[in-house]
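A.B. asks: Listed below are the residues making up each chain.
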Amino acid sequence: MTKILGISAFYHDSAAALIIDGKIIAAAQEERFSRKKHDPNYPFNAIKYVLSEKNLRLNNIDHIVFFEKPFLKFERLLETYVAFAPRGFKSFSLSMPIWLREKLFQKDFLFQKLKQHDKNFTNIEKIKFSEHHFSHAASAFYPSPFKDAIVLTLDGVGEWATTTIAIGEENKLKIVKEIYFPHSIGLLYSAFTYYTGFKVNSGEYKVMGLAPYGKPKYKDLILDKLVDLKQDGSFKLNMKYFDFATGLTMTNKEFSKLFGRPVRNPRKDLIDSFHMDIAASIQSVIEEIVLRLTENIAKEYKKKNLCLAGGVALNCVANGKILKKNFFEKIWIQPAAGDAGGSLGAALAYWYNELNNPRKILKDQMAGSYLGPKFDVDFIEEKLKSLKANYKKKLNNEIFQLTARKLSEGKIVGWFQGRMEFGPRALGARSILADPRSEKMQKDLNIKIKFRESFRPFAPSVLREDLEEWFQINCDSPYMLLVSEIKKDKQISMSEKNYNLFGIDKLNIKRSSIPAVTHVDYTARIQTVHKETNPKFHRLISEFKKITNCPVLVNTSFNVRGEPIVCSIEDAYNCFMGTNLDILVIEDFLLLKEDQNQNLLNDYKSKFEPD
Amino acid sequence: MISFLKEFFEFIKYRKKYWLIPIIVVLVLFGILIVLSQGSAVAPFIYTIF
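Residue numbers (the working numbering), protein chains in the order written: chain U, 273 to 883; chain W, 65 to 114.
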């Protein structure tokens, strides 16, 4: 048996993945264990966990594959500094110490770190390197159900590439076209994330969520001045307006001058219609680029299937648009499309592409993305006792009926079941659930539970078999990566007066029979729930449907703003006690807030830095 | 260090980027100066250098 460990680290979202003979055994992000959002450090805990899933020691691993190539990245850095010299001296003087001391010697650095797991690990030659975008492409193609496909990867930057087109056939994957740094769709989106006052590499979702409140007034300006977009979807950025190549910020003064306002300071400047229009404009530009790219590659390569990965593939609104255009028969998106998924891609790339092993099973290999740790009943009970929690152990049937009833009564539930999800989305294993029919639920969840901005939308989880009755989409979306409109007959049309309401005021208008998951443009980011991959979640929603006739639940990640999704029993209990969650369900254990020792209630949100 | 230099030279050879060598030498010397003049390798997060 060949055991391969994939690692991504040192930029953001460090992670580890274990595959044995090509089968995905386990994968997890370091942030879940370290409790530091987007943790970029060496994923010690994640590696420890994936090894424990099969009781392995590090020395039992045959190959260890790092998700990118440090030398190639260093080459890009040097050439960029040369190209922009003398500009960029400050960035150079800041980056060189860390590169010359640490990053350039990544193989040795990794070796030393890996030895901490097992002193018997002595073979440095087991460490291999994959390319950043190749890792992304592999993470999208190999676990997909397709024998052959076009693979499009889009992100900020890896070594040189920012956008790649690859062809996947059987067990082979080949990159056929690339767009190089500094021309990057991911960095373009991040530049606007920075400009609208959100954190780069984490606030991109907020820009996407903010977009439907605005109008794409600046789209033409962006396409005219910032991006030279060609008919085939290839593009160049006008670096006159950006600072990221050699500077310490994403945009420069010229950029602010072009839009007529300085960068928003999140500490003192409120979000207004200008920021909403900016968000709408950049979202529209991204969609335009992605649609041109996909239309062109569909025509050029004549493949029926498309696989997507890279951070930009988490832009589910753009994904929904690709789907709607029907350029491809089928689309599959890696649920851990960001850098965390690079760990899995690196391992899979080595197994199939380097070791030339055949792909035997052609079905979705991600197992619903439930690839993280789970806990057995005895352990949970012991842990709950040590936390001084008051709990009731229920029979398996009871827990679903009881939870569904409480949800239908408007209670908000922390739902902790089975293996933790790999990737940024909570998919019913570490989720906060609520009734989507409630008009005030979106606001309540944002402000009382998640402690985050009130404009941010929530996603629905819907039984797969009921999907078409509720949404205008007819394909699986198990990873919550596709956006679609709510079915017309479920929508409630807005009066002209309501339609013209400004931005966030629109939120208070009931827009459908499931208002808590209906965004202001009548769309929703859908998760289809399948009996095969998550029977417990499927069962819960089915019970909820029996009571309410509604096969949909609000599903948001089990965490507060700035906190990684909960991983352990302790994390879940702490989050439960620090927020206004009414109920916590951990496997068969039911915990009601009113039963808990009130002295254990804690000030939770201040523990995490807002993202 | 020797194996590192060997690997790095193989990389340059593979990429056929010999023209980078003098630049690398100058930049690395320059970089070493910066390293020596600093006490810590902790650099602030810059979006594209990591």
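Treat the hints with care, as some may be off.
[Stated by the list, open to error] Straight line, CA to CA, 30 Å or less: simulated DSSO-like cross-link-like pairs of lysine-lysine:
no. : chain 1 : residue 1 : chain 2 : residue 2
1   : W       : Lys81     : U       : Lys362
2   : U       : Lys602    : W       : Lys70
3   : U       : Lys487    : U       : Lys497
4   : U       : Lys400    : U       : Lys446
5   : U       : Lys444    : W       : Lys77
6   : W       : Lys81     : U       : Lys391
7   : W       : Lys81     : U       : Lys635
8   : U       : Lys391    : W       : Lys77
9   : W       : Lys81     : U       : Lys295
In case anyone wonders, no lab produced these hints; they're calculated from the structure. If you're wondering where the values come from, they're calculated on a predicted model, not measured in any experiment.
A.B. asks: It remains to establish, for every hint, whether it holds in the given structure.
C.D. replies: Against the structure, the hints:
1. W:Lys81 / U:Lys362: Distance ~25 Å between Lys81 (chain W) and Lys362 (chain U) Cα, so the pair holds.
2. U:Lys602 / W:Lys70: Violated. Lys602 (chain U) to Lys70 (chain W) sits at ~46 Å, over the 30 Å cutoff.
3. U:Lys487 / U:Lys497: OK: Lys487 (chain U) and Lys497 (chain U) at ~19 Å, within 30 Å.
4. U:Lys400 / U:Lys446: holds (19 Å)
5. U:Lys444 / W:Lys77: Distance ~26 Å between Lys444 (chain U) and Lys77 (chain W) Cα, so the pair holds.
6. W:Lys81 / U:Lys391: violated (38 Å)
7. W:Lys81 / U:Lys635: Measuring from Cα to Cα gives roughly 42 Å; hence the hint is violated.
8. U:Lys391 / W:Lys77: Outside the cut-off at roughly 35 Å; violated.
9. W:Lys81 / U:Lys295: Not satisfied, since the Cα-Cα distance of roughly 38 Å exceeds 30 Å.
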